[in-house]
Amino acid sequence: MLVSKFGTQIILKEDRNGLQPALFIDKADIAAVCLFLRDTEGLYFDFLSNLTAVDYQTYFAVVYHLNSLPYQHGLVLKVELPGNRSLNELPEIPSLTSVWRTADWHEREAFDLMGIYFEGHPDLRRILLPDDWEGYPLRKDYEEAEKYHGIHIN
Amino acid sequence: MANPKYKEALMRYEKHLTEISSQEMVLNMGPQHPSTHGVLRLQLITDGEIVKEVVPHLGYLHRCFDKHAESLNYAKTIPFTDRLDYLASMNNSHAFVMGVERMLGLDSKIPKRIEYIRVLVCELNRIASHLIAIGTYGIDIGATTPFLWCFRDREHIMNMLEWASGSRMLYNYIWVGGLFYDLPVGFEERCTEFITYFKPKLVELDEILTQNQIFISRTAKIGVLPADVAINYGVSGPMLRASGIKWDLRRIDGYSVYPEIDFEIPVGKGEMGTLGDCWDRYKVRVDEVKESVRIVEQCLERLQKDFTRTTEFDPRALVPKKVNLKAQDYYVRAENPKGELGFYFVTKDKSDIPLRVKSRGPSFNNLSVISELGKGVLIADLIAILGSIDIVLGEVDR
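As they're listed, the protein sequences go chains A and B.
So in the numbering used here, spot 3 of the first sequence is number 3, and the numbers just go up one at a time.
So in the numbering used here, spot 385 of the second sequence is number 385, and the numbers just go up one at a time.
A portion of the hints provided could be inaccurate.
Quick list of in silico lysine-lysine cross-link-like pairs, DSS-like style, CA-CA up to 25 angstroms [what the hints assert, rightly or not]: (1) Lys78(A) x Lys326(B); (2) Lys326(B) x Lys13(A); (3) Lys109(B) x Lys321(B); (4) Lys67(B) x Lys147(A); (5) Lys5(B) x Lys140(A); (6) Lys76(B) x Lys140(A); (7) Lys322(B) x Lys140(A); (8) Lys350(B) x Lys109(B); (9) Lys78(A) x Lys140(A); (10) Lys326(B) x Lys140(A); (11) Lys322(B) x Lys76(B); (12) Lys326(B) x Lys290(B); (13) Lys290(B) x Lys321(B); (14) Lys67(B) x Lys290(B); (15) Lys140(A) x Lys52(B); (16) Lys52(B) x Lys375(B); (17) Lys27(A) x Lys7(B); (18) Lys76(B) x Lys78(A); (19) Lys350(B) x Lys27(A).
If you're looking for bench data, these hints aren't it; they were derived computationally from the structure.
Everything numeric in this text was worked out from a predicted model, so none of it was measured.
My request is simple: use the sequences and hints to build the entire structure.
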């Protein structure tokens, strides 16, 4: 159905090896694709179970687990982002807060811990860590600071 | 220094707080307030007694679960899952273990006795968790007696689970491929005794709280959560069911031995006020306790008749020495007392340490709806709304 609406180029690649097959989508299309998946009859992916980011060291991936309450089916979407390590230029991806409100806190968490910048997010503050925390702890190259506000961390 | 773009939202938020009008006031509720059930801090912008806006601040109990899981193997992570929702540790480890077993292809080989014991302890833990929810909800809005009753009955469950696992709250009882130990001799009988004791107590609890006029006027028509808003916010568990949606993963996914067990899924009906109000959420929990009692009874019957204890039965027979997985990813979900608990695993090739584990706590998602529900209500009603969400901060902050 996705292909008939957007054309074949919408799905970059498919992963059918694992237990849960996944579709890879380009980051520019993700918001339009998700809105389509949510509103189209026969799909109705109205429940965003999980949104998370994974650090594969050479690149980052943002993973969406969608579910449909009326049809009881699920779908996994993945977006690959360049593995830019600079703290000044985080990988960017459009925010899905306008599609599912639950993406709000999940995206804040991904920003907080993994350092993914969600464009168009209404309130992208850190959520679990203090506002003045340096760095993104779930990245593989994260190094713990020695001190936080003059207090030794160990 | 970091890109100023990433501080923009923080600046905007701080500016917003300074720009409130002269009759408005910023009020901090928590992190040391008993009605926030832990260390949640709510920043309220109030106009007199009316709450204009709620800004939740989390993270006071952040214990880096995701980061810990990346440096430990699967068996060593199970005790950490116990500490997510520390009121329902059995359910957490059950979900985690199911995910690992599914990835290993072990899930169909687990003996029935082990599965029934797992469901039995999970449902006992669900009763204990709901008893806390009901009891503390009562005390939040001024009813002291149900709180004492609930804690008294919960203690019996805690003692039984301590007998089985050796620990009162954080069990580490369900292992990948099996269990820590078989149930101790006499557990089934003691459990039956407890159920016989507990059933009349439930009726008592129902009488003192459910039909209590003061309780009804504090909760009915308060904090109404329509079904579409609930779904959009990713709300799950009793909260979603209270909004009238029959969505229970024990039925939908049919994991473990739940397809063999007969139980109803209670949903909110709006009996006392509007569909999806605080009273409905409370009532769904009370009904779920009754259903869990039924499940426990059926498990006990099967365990005593069909899958009895034998001397050669070894609950650790299938426990793998080393979990060896190929590189893959898998999202497992299970119905916890609070809602859908999910674990997302990304595994490394030929390693027993995962590349990434993300826990999707139901309380985290359920709590995110508070800023929507808390708009334009009285401060006293906000306490009632927060209590009806039934959060555990261990799971919100992880």
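Task: Hints the structure fails to honour - done: 12, 13, 14, 15, 18 and 19
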